[in-house]
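Enquirer: Below are the chains, spelled out letter by letter.
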Amino acid sequence: MNAATGSGAGARRPKLFDRWLKRRARLDLPLTLAYRQIFILPTRFGWMLGVLMGAMLIGSLNFNNNLGLLTTFIVAATAINSMLLSFRNLNGLRLRHGTARPVHAGQPIAWQLAATNPDARHRAGLILRAADSAARFDVPANGTGKAVLQLPPRHRGWHRPGRLRIETTQPLGLFRAWSWIEPSSPFLVWPKPAEHAPPVPEGGDARHGQRSHAREEGEDFHSLRPWREGDPLHRIAWKASQRHQTLLSRQFRREQSREVFLNLERAPGRDQEERISVLTTWILRADDQGRPWTLELGGKRFGPARSEGHRHACLRALAEL
Amino acid sequence: MKRPHDHLPPGPVAWTVAAFLIAATPHLLAMPPVLGLVVVLTCAWRLVAAQRRWRLPPGWLRLILTLAAIALLAVSYGGLWGRRAATGLLCLMLAAKMLELYRIRDLRMVASVSLFLISAQFLFDEKFVYLVYLFGGVLAVFTALVRIQGVETGHAAPPGGERRFVRDGVFLLLAGLPVALILFVTFPRLAEPLWGLPDEVMDGKTGLSDSMSPGSISELFIDDSPAFRAEFEGSPPPPRQRYWRGPVLWRFDGDTWERSFLPSRTPAVNVPPSRGDLHYTVQLEPQERRWLFALDYPVTAPEQARISLDFQITRRDPVTTLTQYRMRSNPGFTDMPQLPETLRRLALDLPDDRNPRTLEMARDLRERFSDNRALIEHVLDWLREEPFFYSLEAPPLGRNGADEFLFDLRTGYCEYYASAFAVLMRGAGIPTRIVTGYQGGFWQESGQYLLVRNSDAHAWVEVWLDGSGWTRVDPTAAVSPARIQSGARTAAGDMAGLDWLRSLRNRYDRIQHLWNAWVLGFDAERQNRMMRFMGLPGLSSTGMALLMVATLGVVVLLVAWAWLRKPARSSDPVQRAWLRLQRRLRRRGLGPAIGETPLHWAERVAPRLSDGDKLLELAGLYCLIRYGERDESDLAREFIGGCRRLSDRRFAEPQALTGV
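Sequence lines, in order, name chains A and B.
Those letters in the first sequence? Residues 20 to 340, by the numbering used here.
Those letters in the second sequence? Residues 1407 to 2066, by the numbering used here.
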């Protein structure tokens, strides 16, 4: 099984920073953001305005221009306030849990973070950021909010999102307040389905193999059903059709239980990954075609069954392999 | 970097353009109208482009337009140096930026440089009314920034629409005021400027010039803006003594009177203080000249200024901001009982080939009067009796100015009279010089100060007489006593019937005076005085800075406390009471779990509380009020009271009873 990997942002940072960050505050969810978690620095625009204010200050001071100074000070005071407001926008926010629905390897992952706002104050303009994607979200007053972060596709297996940032530049974009989180709860990535997989192998498992073969020959009649396009002519029960004034097909036992037996040995492929991919495709196809399937994997048997739970269990087993 | 071609939404663009236009308005008005029009049209075009989602013009076109506008600016200002040209250039650059507003960053850039434009405007004018401009402009910029932030965080249309943004802007502005005021009061001021000022005239507002050729002050006479204000300790001097001395002119070349090197460079003799001295504070409006004005004769020079032999007070730097100085004048002083030979020669010098008729008259008078005083008296009588008129509308004079004025024209204002009179006196051998300055002023009864306007500019004559030294003679007063009593424009018959306007203006001037005294005149000296008043005398600028940091820290902490104190108050009193109750119980370890409904919580917790039944009841009430259909305002009061009264004591558990 793959070890959960940290995503870019945290991995490249020096170890010292990592250790300091971890010692400083809890990073795992659930988490209430507070003083120890929140960092704050001016944005690029903030620095620019700072330089501008410096120019305004020196100019006004030199000409002893009091109205110019007053303007400068109003801007400076607002900058200070906007720092407090940025901080406040994160402070007290409760991050409850984060998770992602399982997807196949190679598909983008939608990682969801749930946050609650215990305060009677709308928190707008929050951003959840990973190394190369971001999700904006709001948390209404006394309510909950949800951020959906698109993570890049991963290899099959269990993963953690790695280190993420929750940040905000409210209200003026002068300061960026942010908190690091490193959720420990993993999410699952199923194996990637093979693109050119052979058709689902017919027939049951080794144990029933001979019998089913015999049955195919023996025309083990089971029941009648209305004729469907594609039924071969020799299957039509002419007499019964005459009786019922409608075309009926004879159904044989083998057709009704077109059960699929799957294991790694039956799947073609150069290596294990390819076989797993083919198995994944077969499972999906069997599910699509409405056929129950059995998966035998490393001495464990799943099924036979055909349900969402069964599919998930099989895919999970394949992902963990 | 790839240039994104998706369009910025029109809302933030409109706000940014509006903020820029508000900030630029005074600059645009001072620009050549063509350029102002260019800026406004560019902004209008940008707005329409945002609305219609037009493509912005390509780079080469923008470059050509910008260069053309800058060239036009350079031509109309005669170069790009000087403050007006610099701010004009900034306006044009921002207007050019309008053509390439692509990103959020560009919007923010325009909005924040607009703040710079606002503060730059105060280099030109700091009148009280500009406070409206300051707050209006800053509010517009803040709103624009809030709006831009909305784009960045993806809030296209928030509840409440555009008004919400304005509300946020107002909130930010108001919240910033306490800290801004603290900074304003405590920020250490420079006692001296870091760099010099360009010798540039402010918006065409000139004070007195250092030379005089009849016809030159006339622009000042129409300018009704205040020149300075003076507050007296004790009663003000009577109108006929209110001669505010400015440049003193000695040299005359036939057309122009000018200052002379020697008397204006030599330091003044000491004027001894006396009991009858006038003590007063002058609040001088910026005028971009070095003169300080005082009544005769200044005893001590204000800081950074010196007094010359002919009692001109000049400052080291031009007066570019409102300047206050304290003065003491001894009106009883005799200036120069003995006239040195060099000065006598200077004060008698006349071009020989000018004004033959005046010189003829002077020789004639000299023969008739041996006494200088009698001669002067005679000339003043002559001016009074002959048909001389006082008028602000007088034609410029030709080569023989004094002749033309005294014998033909006979209509003019103080400069004409002073110049002609001085020529006559010098012709008669009496040492004479011309003093320009201000005369009179309006006594603001309610504000207890004297308001001297630029239109009070005046020129008069000083003659040197044996025994009384330099003596003031005002020929204009002989012709038009009203000029001395009530001001130039009244004397010229201008202000008839506009009394109410005048009184309105005087009332406004009072506000302006307070504004000047308390806001604009707040300099290093006043700051020190205030600190002394607050019990911190002799604070150095380092001490001042420390004080500033300390006060600032306290205020910011207070603001932080007010904002970060948890949890924020809900606006609904029922919700508030309920949350407060939850908080109290949470402290006892009985708080609601995440996602627990009020009723579930109450049911879970009630058995462990001594007041459990009441909690259940309250939870029911809460649900009724919050989710019920009827208006439950009477229930609300009961609910709030109940929440307050509920005891958070835990149910007495058996262990506690046994007292182990």
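Think of the hints as simulated: they come from the structure by calculation, not from any bench.
Warning: the hint list may mix true and false statements.
[Claimed, not checked] Chain B is nowhere near these chain A residues, computed Cβ spacing over 12 angstroms in every case:
#: 1; residue: D47
#: 2; residue: R63
#: 3; residue: L71
#: 4; residue: T90
#: 5; residue: A98
#: 6; residue: N100
#: 7; residue: A129
#: 8; residue: D138
#: 9; residue: D157
#: 10; residue: L191
#: 11; residue: W199
#: 12; residue: L243
#: 13; residue: R244
#: 14; residue: P251
#: 15; residue: D307
#: 16; residue: A336
[As the list claims (entries may be wrong)] Now the in silico label distances, taken between C-beta atoms and shown as ranges:
#: 17; chain 1: B; residue 1: R1994; chain 2: A; residue 2: P205; range: 32 to 40 angstroms
#: 18; chain 1: A; residue 1: Q131; chain 2: B; residue 2: G1995; range: 26 to 34 angstroms
#: 19; chain 1: B; residue 1: R1458; chain 2: A; residue 2: P49; range: 26 to 34 angstroms
#: 20; chain 1: A; residue 1: H116; chain 2: B; residue 2: R1993; range: 48 to 56 angstroms
#: 21; chain 1: B; residue 1: I1470; chain 2: A; residue 2: F58; range: 44 to 52 angstroms
#: 22; chain 1: A; residue 1: G328; chain 2: B; residue 2: E1568; range: 50 to 58 angstroms
#: 23; chain 1: A; residue 1: P49; chain 2: B; residue 2: R1509; range: 43 to 51 angstroms
#: 24; chain 1: B; residue 1: E2009; chain 2: A; residue 2: Q131; range: 51 to 59 angstroms
#: 25; chain 1: B; residue 1: V1576; chain 2: A; residue 2: A332; range: 25 to 33 angstroms
#: 26; chain 1: A; residue 1: F58; chain 2: B; residue 2: R1990; range: 26 to 34 angstroms
#: 27; chain 1: A; residue 1: A332; chain 2: B; residue 2: R1509; range: 44 to 52 angstroms
#: 28; chain 1: B; residue 1: R1458; chain 2: A; residue 2: P205; range: 34 to 42 angstroms
#: 29; chain 1: A; residue 1: P49; chain 2: B; residue 2: G1567; range: 32 to 40 angstroms
All of these numbers come straight from a predicted model, not from anything done at the bench.
Every residue, glycine too, gets a C-beta built ideally from N, C-alpha and C.
Enquirer: With reference to the structure, classify each hint as holding or not holding.
Expert: How the hints compare with the structure:
no. : hint                                 : verdict
1   : D47                                  : 16 angstroms, holds
2   : R63                                  : 8 angstroms, violated
3   : L71                                  : 6 angstroms, violated
4   : T90                                  : 4 angstroms, violated
5   : A98                                  : 8 angstroms, violated
6   : N100                                 : 5 angstroms, violated
7   : A129                                 : 17 angstroms, holds
8   : D138                                 : 4 angstroms, violated
9   : D157                                 : 8 angstroms, violated
10  : L191                                 : 5 angstroms, violated
11  : W199                                 : 20 angstroms, holds
12  : L243                                 : 54 angstroms, holds
13  : R244                                 : 49 angstroms, holds
14  : P251                                 : 58 angstroms, holds
15  : D307                                 : 37 angstroms, holds
16  : A336                                 : 32 angstroms, holds
17  : B:R1994 - A:P205: 32 to 40 angstroms : 36 angstroms, holds
18  : A:Q131 - B:G1995: 26 to 34 angstroms : 31 angstroms, holds
19  : B:R1458 - A:P49: 26 to 34 angstroms  : 49 angstroms, violated
20  : A:H116 - B:R1993: 48 to 56 angstroms : 25 angstroms, violated
21  : B:I1470 - A:F58: 44 to 52 angstroms  : 46 angstroms, holds
22  : A:G328 - B:E1568: 50 to 58 angstroms : 52 angstroms, holds
23  : A:P49 - B:R1509: 43 to 51 angstroms  : 37 angstroms, violated
24  : B:E2009 - A:Q131: 51 to 59 angstroms : 31 angstroms, violated
25  : B:V1576 - A:A332: 25 to 33 angstroms : 59 angstroms, violated
26  : A:F58 - B:R1990: 26 to 34 angstroms  : 33 angstroms, holds
27  : A:A332 - B:R1509: 44 to 52 angstroms : 49 angstroms, holds
28  : B:R1458 - A:P205: 34 to 42 angstroms : 51 angstroms, violated
29  : A:P49 - B:G1567: 32 to 40 angstroms  : 36 angstroms, holds
Comparing the model with each earlier hint shows violations of hints 2, 3, 4, 5, 6, 8, 9, 10, 19, 20, 23, 24, 25 and 28; every other hint is respected.
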